[in-house]
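Novice: One letter stands for each residue in the lines below.
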Amino acid sequence: MSKRKSKENSEESAECISQVQKIFRERFCHNCAAGKLFGMKQQYSHLLELLKRTTVHGESNSALIIGPRGSGKSALLNHVLKDLREMNQVRENLLEVHLNGNCQFLMKNPFLSGLLQTNDKVALKEITRQLQLENVVGDKVFGSFAENLAFLLEALRRGNRTSSCPILFVLDEFDLFVHHKNQTLLYNLFDISQSAQTPVTVIGLTCRQDILELLEKRVKSRFSHRQIYLMNSFDFKEYLKIFKKQLSLPAEFPDEAFAQKWNNNVQHLSEDKAVQDVLQNLFQHTKDLRSLHLLLMLAVSTVTVHHPLLTAADLQEASRQRSSDSRANIVHGLSVLEICLIIAMKHLNEVYDGEPFNFQMVYNEFQKFIQRKAHSMYNFEKPVVMKAFEHLLQLELVQPLERPSVRAQREYLLLKLLLDSRQIMDALQVYPNCPTDVKQWAASSLSWL
Amino acid sequence: MPNLEHPAYPAADLLQLESLVPCRESQVSMLLSIFGERQQFSFPSIFIYGHTSSGKTYVMQTLLTTLQLPHVFVNCVEYFTSRLLLEEILTQLQSCSPGTEQTSPVHCDTLNDFVRLFKQALASQELQDQTLYIVLDRAEQLREMEANILPAFLRLQELTDRNVTVVLLSEIVWELFRPNTGCFEPFTMYFPDYSIGHLQKILSQNHPPEYSADFYAAYINILLGVFYMVCRDLKELRHLAVLNFAKYCEPVVRGEANERDTRKLWKNIEPHLKKAMQTVYLREISSSQWERLQHDGGEPGQLKGLSAHTHVELPYYSKFLLIAAYLASYNPVRTDKRFFLKHHGKIRKTNFMKKHEKTSNHLLGPKPFPLDRLLAILYSIVDNRVAPTANIFSQITSLVTLQLLSMVGQSDQLDGPRYKCTVSLDFIRAIAR
Numbered sequence: 001m002s003k004r005k006s007k008e009n010s011e012e013s014a015e016c017i018s019q020v021q022k023i024f025r026e027r028f029c030h031n032c033a034a035g036k037l038f039g040m041k042q043q044y045s046h047l048l049e050l051l052k053r054t055t056v057h058g059e060s061n062s063a064l065i066i067g068p069r070g071s072g073k074s075a076l077l078n079h080v081l082k083d084l085r086e087m088n089q090v091r092e093n094l095l096e097v098h099l100n101g102n103c104q105f106l107m108k109n110p111f112l113s114g115l116l117q118t119n120d121k122v123a124l125k126e127i128t129r130q131l132q133l134e135n136v137v138g139d140k141v142f143g144s145f146a147e148n149l150a151f152l153l154e155a156l157r158r159g160n161r162t163s164s165c166p167i168l169f170v171l172d173e174f175d176l177f178v179h180h181k182n183q184t185l186l187y188n189l190f191d192i193s194q195s196a197q198t199p200v201t202v203i204g205l206t207c208r209q210d211i212l213e214l215l216e217k218r219v220k221s222r223f224s225h226r227q228i229y230l231m232n233s234f235d236f237k238e239y240l241k242i243f244k245k246q247l248s249l250p251a252e253f254p255d256e257a258f259a260q261k262w263n264n265n266v267q268h269l270s271e272d273k274a275v276q277d278v279l280q281n282l283f284q285h286t287k288d289l290r291s292l293h294l295l296l297m298l299a300v301s302t303v304t305v306h307h308p309l310l311t312a313a314d315l316q317e318a319s320r321q322r323s324s325d326s327r328a329n330i331v332h333g334l335s336v337l338e339i340c341l342i343i344a345m346k347h348l349n350e351v352y353d354g355e356p357f358n359f360q361m362v363y364n365e366f367q368k369f370i371q372r373k374a375h376s377m378y379n380f381e382k383p384v385v386m387k388a389f390e391h392l393l394q395l396e397l398v399q400p401l402e403r404p405s406v407r408a409q410r411e412y413l414l415l416k417l418l419l420d421s422r423q424i425m426d427a428l429q430v431y432p433n434c435p436t437d438v439k440q441w442a443a444s445s446l447s448w449l
Numbered sequence: 001m002p003n004l005e006h007p008a009y010p011a012a013d014l015l016q017l018e019s020l021v022p023c024r025e026s027q028v029s030m031l032l033s034i035f036g037e038r039q040q041f042s043f044p045s046i047f048i049y050g051h052t053s054s055g056k057t058y059v060m061q062t063l064l065t066t067l068q069l070p071h072v073f074v075n076c077v078e079y080f081t082s083r084l085l086l087e088e089i090l091t092q093l094q095s096c097s098p099g100t101e102q103t104s105p106v107h108c109d110t111l112n113d114f115v116r117l118f119k120q121a122l123a124s125q126e127l128q129d130q131t132l133y134i135v136l137d138r139a140e141q142l143r144e145m146e147a148n149i150l151p152a153f154l155r156l157q158e159l160t161d162r163n164v165t166v167v168l169l170s171e172i173v174w175e176l177f178r179p180n181t182g183c184f185e186p187f188t189m190y191f192p193d194y195s196i197g198h199l200q201k202i203l204s205q206n207h208p209p210e211y212s213a214d215f216y217a218a219y220i221n222i223l224l225g226v227f228y229m230v231c232r233d234l235k236e237l238r239h240l241a242v243l244n245f246a247k248y249c250e251p252v253v254r255g256e257a258n259e260r261d262t263r264k265l266w267k268n269i270e271p272h273l274k275k276a277m278q279t280v281y282l283r284e285i286s287s288s289q290w291e292r293l294q295h296d297g298g299e300p301g302q303l304k305g306l307s308a309h310t311h312v313e314l315p316y317y318s319k320f321l322l323i324a325a326y327l328a329s330y331n332p333v334r335t336d337k338r339f340f341l342k343h344h345g346k347i348r349k350t351n352f353m354k355k356h357e358k359t360s361n362h363l364l365g366p367k368p369f370p371l372d373r374l375l376a377i378l379y380s381i382v383d384n385r386v387a388p389t390a391n392i393f394s395q396i397t398s399l400v401t402l403q404l405l406s407m408v409g410q411s412d413q414l415d416g417p418r419y420k421c422t423v424s425l426d427f428i429r430a431i432a433r
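Protein sequence lines, in the order shown, are assigned to chains A and B.
Each residue of the first sequence is one higher than the one before, counting from 1 in full-length UniProt numbering.
Each residue of the second sequence is one higher than the one before, counting from 1 in full-length UniProt numbering.
Keep in mind that a hint or two might mislead.
The list that follows gives simulated cross-link-like pairs (lysine to aspartate or glutamate, DMTMM-like), each with its CA atoms no further than 20 Å apart [unchecked claim]:
id : chain 1 : residue 1 : chain 2 : residue 2
1  : A       : Lys387    : B       : Glu171
2  : A       : Lys22     : B       : Glu158
3  : B       : Lys274    : A       : Glu96
4  : A       : Lys287    : B       : Glu185
5  : A       : Lys387    : B       : Glu284
6  : B       : Lys420    : A       : Glu411
7  : B       : Lys247    : B       : Asp214
8  : A       : Lys382    : B       : Glu5
9  : A       : Lys22     : B       : Glu37
10 : A       : Lys22     : B       : Glu284
11 : A       : Lys36     : B       : Asp214
12 : B       : Lys119    : A       : Glu96
13 : B       : Lys235    : A       : Glu390
14 : A       : Lys287    : A       : Asp255
15 : A       : Lys22     : B       : Asp129
16 : A       : Lys82     : B       : Glu158
17 : A       : Lys217    : A       : Asp191
18 : B       : Lys275    : A       : Asp191
19 : A       : Lys387    : B       : Glu236
20 : B       : Lys367    : A       : Glu411
Hints are computed from structural coordinates only; laboratory data are not their basis.
Only a predicted model underlies this, so the values are computations on that prediction, with no experimental measurement involved.
Let's have the full structure, built from the sequences with the hints guiding it.
Specialist: Below, the structure written as C-alpha cells:
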C-alpha cells in the first residue's frame, strides 16, 4: 500500500515539477511583462505620468530611457503600458508603434542604387504597416520614401486634439537610429511631437549614456531632454531579497503543500552562507538582474522528480559553469606541439616586451628548445609545425596585426598572442599528460643557456 | 543502464540517443535539462563552443532528429550573406512540421521582413507552441555579415515574441563575438575535447569486421602514439586510421606474423606512419595516391608531393638573378662592400649595430632593395661579363610573375622599382646546385 501511495506521490510530483519548471522558465527566460519590477518606483511613476498625459490630456511628449544592458528598460516600459491599458481613464485605445534599431537596418543590395535605399525607408514602411494606413494593401506598401513620409505626416497632421488617437512610438536600440542618414526619421518624429496637432509620444530606449551627443543639433533641439535613468541602484541586501522573491512560487500554485515546502527551502537557502557567497560573487561581477536570471535558470533546470528541491550545491555548480574561463578551456584541448608553440610565443613576449612576432621567430625558439632540452618531443619537420601554427590561427588564439595579403609570405606575417602568461601557466597546470620538460621550459626561459 | 533520463521524452528514444553519442553523455544530459519539455521556454540563445570535431554539430543534429524536436539547421559558411541566411531559415521552416504542401520560394530582404515572415510561418505550422530550435553552425561567420544580424539572433525570442531558441555553434570563444555596445548574453556551454581514452574508444568503434576488436585497438594505440602529440582532431585521426590500416594488416595477410605479434607489426608500420606525417597529414599527396603507393610498395621518395611542384626549372641568368635577389634581401647594405669587392676594408661595428644584433634578418623576413643593387650584386657573382640587355630585365619581370620576387610599392615610382625576394633558403640551395 505504501508503494502505491509513494507512486501516487511521485506521479503527483511529476505534474507538479513540470508546473514548477513552466513557471520558472517563463519568469527567467521569457521576460514577460508579468514580471515584477525592483527598485524602479520613481522611474515607474514618472513614465506612467508621462504616458497618462498623452492619452488622457492629449499632450505630445518625448523621453529617453537610458540604462546599461539588462537593467530593465523594456520591462519597465511593458509594465507601464500594461497598467495603462487597464486604467479606465484611457478614453480610447492608444495606437502603438514599436520599432527596433536592429530590425530597421537595410541590407546592402548590390542591384539598387545606394542613394535610393536608406535605412529610414525600412522604418517608414514598418510604421505605415503598424498604423495600418490607407495606402497599405494587404502587406505591401507602395510609394517612394518621400511619398511615404509625406502621406504619413499628412495623415497625422489632419487630426486635431479632440478627435484623434494618440500615437506612441517606441524606438528600441535608439542609438542605432542615430546612425541613419541625416537622422531623418528621428528629426521628423521629434518634429511632429513638438508641433503637430495629433498627440504623439516618442520613447527611446538605449544603453548608451552619451546618446545626446550623438544627436544632430536640429534633432536635439526638438527633443524634450527628458531622460529616465535606470541604474541598478540596489545594494546587496536588496539583491538577496530580489533573489528570494524571484525564486519563490506564487500563491496561486495548485499544489499548496509543495509550494510551502519550496518557499521554505528558498528561505533556508537565502540564509545559507555558501549561497550568499555565490550571490556575492555574482553581485560584484555584474549587478543586473539578467545574469541573476541566467544563474537561477541553470539551477532550476536541474530540478527533477528525484531532486525536487534546490540545494546550495546546485547554485554553486551553476555559478561555476557560468564563470569558467573559455580561453583556458580551449587551451586544454590543444595538442602538445601546439602547447609548445604557445610557450615559445610566451617567451618571445617576455624577451621582446610584447612586440609582435612572426612564425619564423616562433619556430626558431621552438628549435632552441628541441635541440637543448627536449627528451620527449620529436623534432618535427617545419611544415608539420606550420600546420599546428595555422590551427592556432584558426582558433583565433593568435591574431595577425593586419589582414594577410596574397603577396606576403605566410611565415613572416606579424602576429600577436591573445593569451597572457598567467592564463598560460594556469592552463598548463591542468593540462592532461603534459611532459615534464615542456612544463619546465614554460616556467623558465632558456636565455641563460 | 540508461544514463539519460527525462520525463518528457520516451525512454526508447533516449536509449537510442545514448548509443549514438559515445563519450558525450554529460553534455547531452545538460542540453536535455536546459531544453526542458517540449512546450516549455528555454534560454533565448545558447552558445556552444569547443575544438574542431569535438562533436558539436553531430551531437546537436543527432539530438534534435532523434527526439524529433522541431528545428532549422543552417551552416553559416554555406549561406554567407544575411539575405541567403534569412531566406534559408524561412524555407526550412516551411517544411518543418510534417504534412505541409510544396515549399514556395521566399523573398526576404531585411531583418524586419524576416521577423514578420517568421511569425507568419510559425503560425501556419502546427507546432502547438513547441520550442523551435534554430541552429547556426560555424557562427563565427555571423561576425562578417551586417552588424545587426548577431544581436538580432540573440534576441529572436524577444523580437518575435514566440517560443524559439537560437543555438550558435563555433570554435571561437564568446569574448571575440561580443559587439561593442553589448548585446543579450547567451548561455555559453563548452564541449570539452576528447581525452586520449575517449579517442581510442571512438576510433575503435569502426573496426572492419574481418579483424578482432583487440587487434584494431592495438593498431589505434600505435597510431595515437605517433600522431597524438601533433594533432588531436578526431576527423584527421580517423582519416589516417582508415588509410593506414591496410599496410598494418600486411604482415598478417602475407602470413609472416599473426595478430598478436606486436613487435613485428610495429616495425612494419612505424616508418610508414612517419612518412604519412610528412605527406598525407600535410595533404601534400592525396589519399588515393597514398593508397596506390602502399599497394605498389614503391619507394616513398619517388612520389612528388605538392610542394615539389613549386620548384621550377629556371634559365641560367634567372638562377643567378634569384640568388642575387636573395643576397640583396637578407644581407644588410653595409656588408655588400665587404662581400663583393675585391679590396674591402674592415667593417667597424658601431653602437647601433651592437644593440640590434639579436634580430637576425632571417627572422624578420626579406627586406626590399632597389633594382640597381640587384644588378650590382649580379655583376659581381657572375663570372663572365653580363651586358644589361633587355633580356635580363625581362627575366626579372618574369620572376615577379612567378611570384619568386615581389614588387614593393607602386610601379610608377621615380626612384626605380624596388623588389623583395620571396623564396626560402632551401629553394635557393636547390637552385644553386
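Novice: Now, for every hint given, state plainly whether the structure supports it.
Specialist: Hint-by-hint comparison with the structure:
1. Lys387/A with Glu171/B: 17 Å, holds
2. Lys22/A with Glu158/B: Answer holds: Lys22/A to Glu158/B is near 18 Å, not above 20 Å.
3. Lys274/B with Glu96/A: The hint is violated at about 71 Å.
4. Lys287/A with Glu185/B: Between Lys287/A and Glu185/B the Cα gap is close to 14 Å, so the pair holds against 20 Å.
5. Lys387/A with Glu284/B: 12 Å, holds
6. Lys420/B with Glu411/A: 15 Å, holds
7. Lys247/B with Asp214/B: 17 Å, holds
8. Lys382/A with Glu5/B: 49 Å, violated
9. Lys22/A with Glu37/B: 9 Å, holds
10. Lys22/A with Glu284/B: 56 Å, violated
11. Lys36/A with Asp214/B: Cα-Cα ~62 Å, so violated.
12. Lys119/B with Glu96/A: 19 Å, holds
13. Lys235/B with Glu390/A: 17 Å, holds
14. Lys287/A with Asp255/A: 33 Å, violated
15. Lys22/A with Asp129/B: Holds, at roughly 13 Å.
16. Lys82/A with Glu158/B: 17 Å, holds
17. Lys217/A with Asp191/A: Judged against 20 Å, a Cα distance of about 13 Å means the pair holds.
18. Lys275/B with Asp191/A: Roughly 75 Å separates the two Cα atoms, so the pair is violated.
19. Lys387/A with Glu236/B: 12 Å, holds
20. Lys367/B with Glu411/A: Holds, at about 14 Å.
The structure is inconsistent with the numbered hints 3, 8, 10, 11, 14, 18, although it conforms to all the rest.
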